[in-house]
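Novice: Protein chains in written order, with this note's numbering: chain A, 10 to 383; chain B, 2 to 327.
Derived by calculation from the structure, the hints in this document are not laboratory data.
Every residue gets a Cβ at the ideal spot worked out from N, C-alpha and C, and that includes glycine.
Check before you lean on any hint, since a few could be wrong.
Heads up, simulated BS3-like pairs for lysine-lysine below, C-alpha to C-alpha not over 25 Å straight-line [as the list claims (entries may be wrong)]: (1) A:K166 - A:K244; (2) B:K290 - B:K122; (3) B:K308 - A:K268; (4) B:K308 - A:K168; (5) A:K244 - A:K268; (6) A:K244 - A:K371; (7) A:K75 - A:K166; (8) A:K268 - A:K371; (9) A:K168 - B:K231; (10) A:K75 - A:K168; (11) A:K166 - B:K309; (12) A:K75 - A:K268; (13) B:K179 - B:K309; (14) A:K166 - B:K308; (15) B:K308 - B:K179.
Distance ranges between label pairs, derived from CB positions [stated by the list, open to error]: (16) A:R79 - B:L156: 55 to 61 Å; (17) B:A65 - A:I38: 28 to 34 Å; (18) B:T182 - A:I38: 35 to 41 Å; (19) A:A41 - B:L184: 41 to 47 Å.
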Amino acid sequence: MEHKSKAVREPLIRLSRRDVIPLYQAILIRAAAILLALLLGAIFIYSISGLNPLSVYQSMFEGTFKTTRRMWDALKDTAILLMIGIALAPAFKMRFWNIGAEGQVLFGCLASAAVMIYGGERFGVNLPSGVVILLCLIASVVAGALWGVIPALFKAKWKTNETLFTLMMNYIAIQLAAYAVSVWEYPYGSNSVGVINSGSHIGWLPTLFGQNYGFDVLIAVLCMVLMYVYLRYTKHGYEISVVGESENTARYAGISIRKVFLRTMLISGAVCGLAGFMIVNGTSHTVSSAVVDNRGFTAIIVAWLAKFNTFIMAAIAFLLVFLDKGASQIATDCQLNTHASEIVSGIILFFIIGCEFFVQYKVSVSLPFLKKKN
Amino acid sequence: MDRILMLIQAAVTFGTVILYGSLGEILTEKSGHLNLGVPGIMYIGGISGLAGAYFYESAGEPIAFVSMLISLLAALAGSALAGLLYSFLTVTLRANQNVTGLTLTIFGAGVANFYGASLMKLAGGVGQISVSVTSSAYRATIPFLRNIPVLSTLLFRYGWLVYVAVVIAFVMHHFIYKTRTGLNLRAVGENPATADAVGIRVTRYKYLATCIGSAVCGLGGLFYVMDYTKGTWANDGTIERLGWLAVALVIFSIWRPRNAIWGAYLFGFLYWMYMYISGLSRGSQELFKMLPYVVTLMVLIFVSLRKKRETQAPSSLGLSYFREDR
Numbered sequence: 010m011e012h013k014s015k016a017v018r019e020p021l022i023r024l025s026r027r028d029v030i031p032l033y034q035a036i037l038i039r040a041a042a043i044l045l046a047l048l049l050g051a052i053f054i055y056s057i058s059g060l061n062p063l064s065v066y067q068s069m070f071e072g073t074f075k076t077t078r079r080m081w082d083a084l085k086d087t088a089i090l091l092m093i094g095i096a097l098a099p100a101f102k103m104r105f106w107n108i109g110a111e112g113q114v115l116f117g118c119l120a121s122a123a124v125m126i127y128g129g130e131r132f133g134v135n136l137p138s139g140v141v142i143l144l145c146l147i148a149s150v151v152a153g154a155l156w157g158v159i160p161a162l163f164k165a166k167w168k169t170n171e172t173l174f175t176l177m178m179n180y181i182a183i184q185l186a187a188y189a190v191s192v193w194e195y196p197y198g199s200n201s202v203g204v205i206n207s208g209s210h211i212g213w214l215p216t217l218f219g220q221n222y223g224f225d226v227l228i229a230v231l232c233m234v235l236m237y238v239y240l241r242y243t244k245h246g247y248e249i250s251v252v253g254e255s256e257n258t259a260r261y262a263g264i265s266i267r268k269v270f271l272r273t274m275l276i277s278g279a280v281c282g283l284a285g286f287m288i289v290n291g292t293s294h295t296v297s298s299a300v301v302d303n304r305g306f307t308a309i310i311v312a313w314l315a316k317f318n319t320f321i322m323a324a325i326a327f328l329l330v331f332l333d334k335g336a337s338q339i340a341t342d343c344q345l346n347t348h349a350s351e352i353v354s355g356i357i358l359f360f361i362i363g364c365e366f367f368v369q370y371k372v373s374v375s376l377p378f379l380k381k382k383n
Numbered sequence: 002m003d004r005i006l007m008l009i010q011a012a013v014t015f016g017t018v019i020l021y022g023s024l025g026e027i028l029t030e031k032s033g034h035l036n037l038g039v040p041g042i043m044y045i046g047g048i049s050g051l052a053g054a055y056f057y058e059s060a061g062e063p064i065a066f067v068s069m070l071i072s073l074l075a076a077l078a079g080s081a082l083a084g085l086l087y088s089f090l091t092v093t094l095r096a097n098q099n100v101t102g103l104t105l106t107i108f109g110a111g112v113a114n115f116y117g118a119s120l121m122k123l124a125g126g127v128g129q130i131s132v133s134v135t136s137s138a139y140r141a142t143i144p145f146l147r148n149i150p151v152l153s154t155l156l157f158r159y160g161w162l163v164y165v166a167v168v169i170a171f172v173m174h175h176f177i178y179k180t181r182t183g184l185n186l187r188a189v190g191e192n193p194a195t196a197d198a199v200g201i202r203v204t205r206y207k208y209l210a211t212c213i214g215s216a217v218c219g220l221g222g223l224f225y226v227m228d229y230t231k232g233t234w235a236n237d238g239t240i241e242r243l244g245w246l247a248v249a250l251v252i253f254s255i256w257r258p259r260n261a262i263w264g265a266y267l268f269g270f271l272y273w274m275y276m277y278i279s280g281l282s283r284g285s286q287e288l289f290k291m292l293p294y295v296v297t298l299m300v301l302i303f304v305s306l307r308k309k310r311e312t313q314a315p316s317s318l319g320l321s322y323f324r325e326d327r
């Protein structure tokens, strides 16, 4: 019997997982992606404004770097975004999809604002500012940890889906905040809390390096280093990565998954709460249901893209803040509305997300007509 | 009596927006993809429909029916494209689904709010965008049924998209649970590797489920713009909130399109109830608006307690599939 020889069909595109990729190549791929994204963004801006894209990118640059004040403003925003990203890192590394940062930060904000209001000038309590700050710090950390550990409890006990759970918790927190605003409304009828302790500045973080936001930046930098060490060099960090890689392996190694879940989410929530403290005591000095401003969601992207490395997180957070500021600047210069910045950020994020594929996989194209026939 | 009728009407109209969103998301999630871009896709559907209608209407002498058709097609195309982008990133490029979805929400909100506020200006006009002719076509009711007392308020005084949503829900339910293709789709969502082994084209199913699902989501945005806000645009973030409610409704209905119908109206009822209870302070109104989320959370917990296989989320939900990784 003779087999009929069949032509072997070669796939046009072949994918294979890379074992290791040289660092320069990985950087090159990512740089190319960002460049492409900027190009596409330029085309978009050109199409709506008709302006020279180069001058547009110049005004984008000025959005962050034109004055020292702007730079500090950008640093402050970076610090807060980074802080939330830091909070998410241990949870994500454990493959616990905490998308409830928005709610955890907001709950921290609420706790901190409560301390500021009830210990401040409005009710004539007038505690010393230092005491209020300390109490705010404790309250916000506890509140954030509490909001974070609830989904972990259910996940540990009944395997309740944490992505959906934390998502719902966000909106419960937002409605709670709306409720709190109506209770704390001041002056009456304004539908807002107003600047808390605007006269006495009780509970406001003091200036550092002569800057209003000095403390925010300092806290974020400290946490960045601490979390890096915690994840990389401690037993806890190791346990987190084992649970993240494979729950079965963790079980086999005698790691109590339940304990790791709870502990890690306590930490994750607590750091979120701390971010809330930074927002209320360090920058906004007020609270509303929108005070977190979707940064809890943006931070998810930051934490994921940085692969849990907090230093890279800082770079990505800064990039996003820079883009946001720049796009707002363009929008003001061209009298467009500021949502243009979300479009440009979206485009760039899509490219960064997409390019990770080319870092992880090797794509080889084989065109049949280029092949020699044997 | 009148108050109750009004509440029911408000609940149904509100419910229809999130019903579309969650029907689309159910189809997508059945293929194993947790698309957190629902709010963004609803935004894109809404703005595409609005833009389509606006350009047609401002060309002069608009015919209501044609305008309706154009905006419908624009909304379907826009949101399906958004779904295509999502599926390209998550299926072909194997990007993380949560991250991609959230980015899509940011992007969609940006696109919609940007063009919603500046379409008029870019086209050289002034003031707010408004497409009254198209909107009236969406809100037209059947003349002789309109005047029956009570019954008409209850059943016949809605725009046609309200009824289409219910039809889609039943058709989708039949498709998912009663057809071979639906069975295949569920297999892909439960265990793509097994589905692949029996020869189901996993990638094709994922792409189609996501794109068609997104198109259905987009109808929610279209309905919101054309019917709920009567053909205008407001940058107040409502679509985003409704989009997340739609995601909540998917869980509430335990991934069954038929449950989503009454779930959607129940959400609408819970959401608007505060308007019809007299003597509520603004604070307690806000607490009332929390109810849909709390109820969803309870369902989520309850379902995980019972551990019944039929009521769980698709097993591979949120995980990328790469054949070579097996």
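Novice: Hint by hint, say whether it matches the structure.
Specialist: Here is what the structure says about each hint:
The suggested pairing of K166 of chain A with K244 of chain A holds, with an alpha-carbon distance near 23 Å, which does not exceed 25 Å. A threshold of 25 Å between alpha carbons decides the hint, and for K290 of chain B with K122 of chain B the separation of about 35 Å lies outside it, so the pair is violated. Distance check on the hinted pair: K308 of chain B and K268 of chain A sit about 22 Å apart at the alpha-carbon level, within 25 Å; holds. The straight-line distance between the Cα atoms of K308 of chain B and K168 of chain A is roughly 9 Å, inside the 25 Å bound, and the hint therefore holds.
With a C-alpha separation of about 13 Å, the suggested pair K244 of chain A and K268 of chain A falls inside the 25 Å cut-off, and the hint holds. Restraint check: the Cα-Cα separation between K244 of chain A and K371 of chain A comes to about 34 Å, which exceeds 25 Å; the hinted pair is violated. Straight-line distance between C-alpha atoms of K75 of chain A and K166 of chain A comes to about 53 Å, which puts the hinted pair past the 25 Å bound. Of the supplied pair hints, the one linking K268 of chain A and K371 of chain A is violated, its CA atoms being roughly 39 Å apart against a limit of 25 Å.
Note on K168 of chain A and K231 of chain B: the hinted pairing is violated, with a Cα-Cα distance of about 44 Å set against a maximum of 25 Å. At roughly 51 Å between alpha-carbon atoms, K75 of chain A and K168 of chain A are farther apart than 25 Å, so this suggested pair is violated. Taking the CA atoms of K166 of chain A and K309 of chain B, the gap is near 16 Å; set against the 25 Å cutoff, the hint holds. With a C-alpha separation of about 49 Å, the suggested pair K75 of chain A and K268 of chain A falls outside the 25 Å cut-off, and the hint is violated.
For a cut-off of 25 Å, the pair hint linking K179 of chain B to K309 of chain B stands: about 20 Å separates their Cα positions. Taking the CA atoms of K166 of chain A and K308 of chain B, the gap is near 12 Å; set against the 25 Å cutoff, the hint holds. With a CA separation close to 23 Å, the supplied pair K308 of chain B and K179 of chain B stays within the 25 Å bound. R79 of chain A and L156 of chain B have their C-beta atoms about 58 Å apart, which keeps the hinted 55 to 61 Å range intact.
For A65 of chain B and I38 of chain A, the hinted distance range of 28 to 34 Å is not satisfied, since their beta carbons lie about 51 Å from each other. At roughly 38 Å, the beta-carbon separation of T182 of chain B and I38 of chain A lies within the given 35 to 41 Å, and the hint holds. Distance hint check: the CB atoms of A41 of chain A and L184 of chain B are about 43 Å apart, consistent with the given range 41 to 47 Å.
Of the numbered hints listed earlier, those contradicted by the structure are 2, 6, 7, 8, 9, 10, 12 and 17.
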